[in-house]
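> Each chain sits in its own coordinate frame; assemble them with the hints.
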Amino acid sequence: MNANEINQQTLLQNEADPLTHTPVHLLSLEGVGKHYGNIIALSDVTMAVDNGRVTCVLGDNGAGKSTLIKIIAGLHQHDAGTLNVMGEERKFTSPRDALDVGIATVYQDLAVVPLMPIWRNFFLGSELTSGFGPFKRMDVEKMKEITLKELAQMGIDLRDVEQPIGQLSGGERQCVAIARAVYFGAKVLILDEPTAALGVKQSGVVLRYILQARDRGLGVIFITHNPHHAYPVGDRFLLLKRGKSIGYYDKKDITLDELTAQMAGGAELAELAHELEQLGGHGDVVKEVKGEVADVSQTTGKTYQ
Amino acid sequence: MTITQTQTTTKSAAADERVAKRSPFQKLLGRPEIGALVGAIVLFVFFALVSPTFTQPNAFATVLYGSSTIGIMAVGVSLLMIGGEFDLSTGVAVISSALTASMFSWYFSTNVWVGVGLALLVSLGIGYINGWILMKTKLPSFIVTLATFLMLTGLNLGLTRLIGGGVASPSISNMDGFGSARAVFASSVNIAGVDVKITVFIWIALVAVATWVLMRTRVGNWIFAVGGDANAARAVGVPVKATKIGLFMGVGFCGWILGMHNLFAFDTVQSGEGVGNEFLYIIAAVIGGCLLTGGYGSAIGGAIGAFIFGMANKGIVYAQWNPDWFKFFLGLMLLLATIVNLIVKRRAELK
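Those sequence lines, one after another, are chains A and B.
Just so it is clear: in the first sequence, position 44 is 44 by the working numbering, and no numbers are missing.
Just so it is clear: in the second sequence, position 188 is 1188 by the working numbering, and no numbers are missing.
Isolated chain B (complex conformation) (with noise of 0.2 Å):
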């Protein structure tokens, strides 16, 4: 009995030390998202540093701007990693979207209401069809998206030349209804006198719930399990299927309101779009501190990773350096930040 007892205060004793040592900047450290903050901060000071007009609030906003674009889409991306998935086919299911609205309202000439309300279903629709192939066929979500992917591409440029007879979309700016829908996908906002762009607010918006969701609700719980492991999260009845297929139309609700706003903001939409987009959203949340492998990682995170994005995207030309130079330098961006997230992850784990 005494043995029992002394085991039992050694083994309790140990274990609240174990604790103790964990400083609050360790734990800090132990979130997703704090390689990428690193990284923007250094970024932030640098391109400050090299370019006097990137932290004036005018060039702030373009780069809030050039962030959010990419932002939007991260979040969606974002979850969808955490959940254990990937998916290629984003980049051209947002072209797909915007020309659903566009080619629809314009052959129908209907109000370009009906033809953003269509796209949402047509862009909830892949993600669903994307979802549910992955888990019927149970084949890796690389095999399955790049088949969306290459499919999508092809419809796109098919239809448009089908229905519109040529490689863009024909202009909607005189029908009826587009004013509003501009007001809503891509107006700009003056907040003391420097123009932010709506999609800013949204994409903040977007990271506010995604977060929001992942932290406090059920299904953030079973987000982060699937990703984990779906097996685990299938013996203890979380409905594993749903939920996947749940991600991928989160990924086409975000893939609509960028592809809305691409729509309204250009009014004509280029049918080859988007091919490669779909690279820059997985990047920003890999940034972002989400593991490939799934169960890890934040919404803001995400956006921390869009917002390096953005910011090495318009610094560089605020620097009045060649633009040339860009993809390498996100190349190596990419790397840095993946390896400091591994360091960051081995070492918040080993304390």
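Same shape as in the complex, but just chain A (with noise of 0.2 Å):
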């Protein structure tokens, strides 16, 4: 955990560390690009994460932030540009490579198996034993145990660590996630559109989560579609739309308002509007339609015709 010993401050200003005389970022991409034979799912794309700072990478859906994660958890490998870890420049060849940095992906699907216990999923992969040789054995109880105090900090209270996952709600669920990424040393945890399927007040209960983990001093890289889930936990924000980079930002440079604005698309309201002029009959949708790209362009300063 050398990456605590660096100032945050100097590093958000991306000045050179005073060791290495380089910036270092605990994880940073630099022009990062991924083609599947001729399609381009994703070209020049720029990013930081440091210690206790979430990174939001927003963007809807085909925007390339699958692709994106896949890059850093080591499912997909980038052709072009460079990820560094710590300065070091890496290419993970398996999620096993980059969990071993201490890059910890939580899934939409969240990677738990429905039917198995609580406690077995939370260890899946990683689980303690004692013992030696033939007779080396999980150790059950310690198991349980460390769940149930780990879920506690997170502020899930359970008894029954037993139950299969499945039956937990999808806020728990993602909460089960995180603190399994939490408790195995991740240093970066990558939240793969965590709110997406969650009502509003579970909505808040994992961004809660996102703020805890950030305070336990981890790089958080948050992804979503809802700028308004983002713009209150994220530090930068990394826009993203058709596989490019349309925008990064500092919280200090942009507010909420411009940021929807970026994200809703100013261009594509204005073309949605000529397209229902021409098709003709919508007269109050069109108005609807022009009212929200007049907001767009006022918080934005652009015209879109």
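Certain hints may be false.
[What the hints assert, rightly or not] Quick partial rundown of chain B residues pointing at chain A, CB under 8 Å, derived from the structure:
hint, residue
1, Arg1216
2, Asn1221
3, Gly1228
4, Arg1234
5, Val1236
Treat the hints as calculated values from the structure; they're not laboratory data.
Backbone N, C-alpha and C fix where the C-beta goes; we use that ideal spot for every residue, glycine too.
Structural data, given as structure tokens:
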């Protein structure tokens, strides 16, 4: 945990680390790109993650968010640009590689096995054992105890860690997955649309866990398509559209309205208004969309025809 | 702040309430093998009532023996099914193993233990190849093992005729090591005047080991995980390929034990045997509560399934019914057991 000693403020201003004379981020991407055959899924993405900071990746469906996290999580390899961990260039060949340097991913489907008890899921792949040779066995009691304790710290009070994880609510499962990553010494936590399938209240709970993970000194990558979820917790925002970065901002440089407007895509709305007009008929809808376009132009300071 | 606090308290109170509702009885109902256990008890009582001989020690030892010959394989097959895969080649693989041991020792006139050792390698090899092809091609295990099943059936017949010149393997009862091998694989143990076949003890030992592996070791955790959700397992660093290949090799190991039993109990092996037995093992596992889709089940369940099978098989004889009906009962039992399992599982999960 060398990274803890690095002053975050210096890093944020992108200044040289006094020891290495290079700007050291916990994790940084420089011009990363990826193509599948002749389809360019991602191109020229630059972003950074630091301890105790939340980097939000925003974008609509098909913007390349999934490709981006798959590269960071080691499921896919990038074929352009560089990926640096603590200033050292890396290319992960498997999820295990990424896990070994402390990059843990909480996937949309959470990577939990629904029929298995909570404690088995919690320790899956990294079970605690005792004994030697052929008598090596899992330390079940200790694992249950730790599961209970870690979840309690995250604010989930479970009495029975034996119940199948499939019985928990979406938010609770999300929490188990986050707690698991935190417990196993993750330095970078990637959250893939953790609030996508959740209600308002549950989303709030998950956002609180994100802040808790941040306060524990983790670097968090929060992927979402909802600027209202991203803005309150994020420190940096990367906006993706059609596999390209359309903006990378520090929180001080952008407001929620601007973020929303960028996300909403004023150009698309203007196009929609035109199309509806051509079709004729939908007068009230056209008016509404045009109003929306005007709002977006106002906040971004651009005009859309 | 107050609001948050109230929320937390209500939430935790609700969670505790939910936990308190699950009584030990409901917990028992949530076990995978409960449906099979109830079925086994019902069947036992039924045959005990219709046939007085059924409960006599000697007859019961025979029932246990019948159960063990299915049960030994059911252990491996249950674990494989919990791991989310399926093996149709098990029935003939048992015969392949027996034929390997017999033909090799006979042809090269070696000590039979050499053949036994080679048979172990062949059995594990068949399992490895099944698993390896499956993981490489990502085809359904149904297809891969169906292909292995057909190929092994052909190899059994073809090679036996080519080497031995007949449809059965030659007798090896006069060869070195036959006696000791027979003592290990096909002897009887006298308990209070009742001869109990050694396979019964091997069966029980295998079930115990498999249960321990499943419930208390890392590998057991991985088996549940690769069957429940292989992608999730891979994402958290479980060696999915190795686990699945290992499971197929485990089935191979069980097949080797049963093959050796067949060989040393009957001296010769019919090369065309074994076809259709693979379903018996799968049926035992399914009756025992292993889900066809994987991720759920137990080794004990498979054992109970095999026991049900043994009871029905021999019970019909002791009840002096026409054994023609056996298959019908087997099918009916399979249907009832799976329905009971389904209902039990749903109810347990809801509560």
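> Does each hint fit the structure? Answer for all of them.
A quick look at each hint next to the structure:
1. The interface hint given for Arg1216 of chain B holds, since its Cβ lies 5 Å from the closest Cβ of chain A, which is under the 8 Å cut-off.
2. A hinted interface residue such as Asn1221 of chain B counts as satisfied when its beta carbon comes closer than 8 Å to some beta carbon of chain A; here the least separation is about 6 Å, so the hint holds.
3. Because the beta carbon of Gly1228 of chain B sits about 4 Å from the nearest beta carbon in chain A, less than 8 Å, this interface hint is met.
4. Given hint, Arg1234 of chain B at the interface with chain A, holds; its Cβ is 7 Å from that chain's nearest Cβ, closer than 8 Å.
5. Nearest Cβ of chain A to the Cβ of Val1236 of chain B: about 4 Å, under the 8 Å cut. The hint holds.
Violation of the numbered hints given earlier is absent; every hint is satisfied by the structure.
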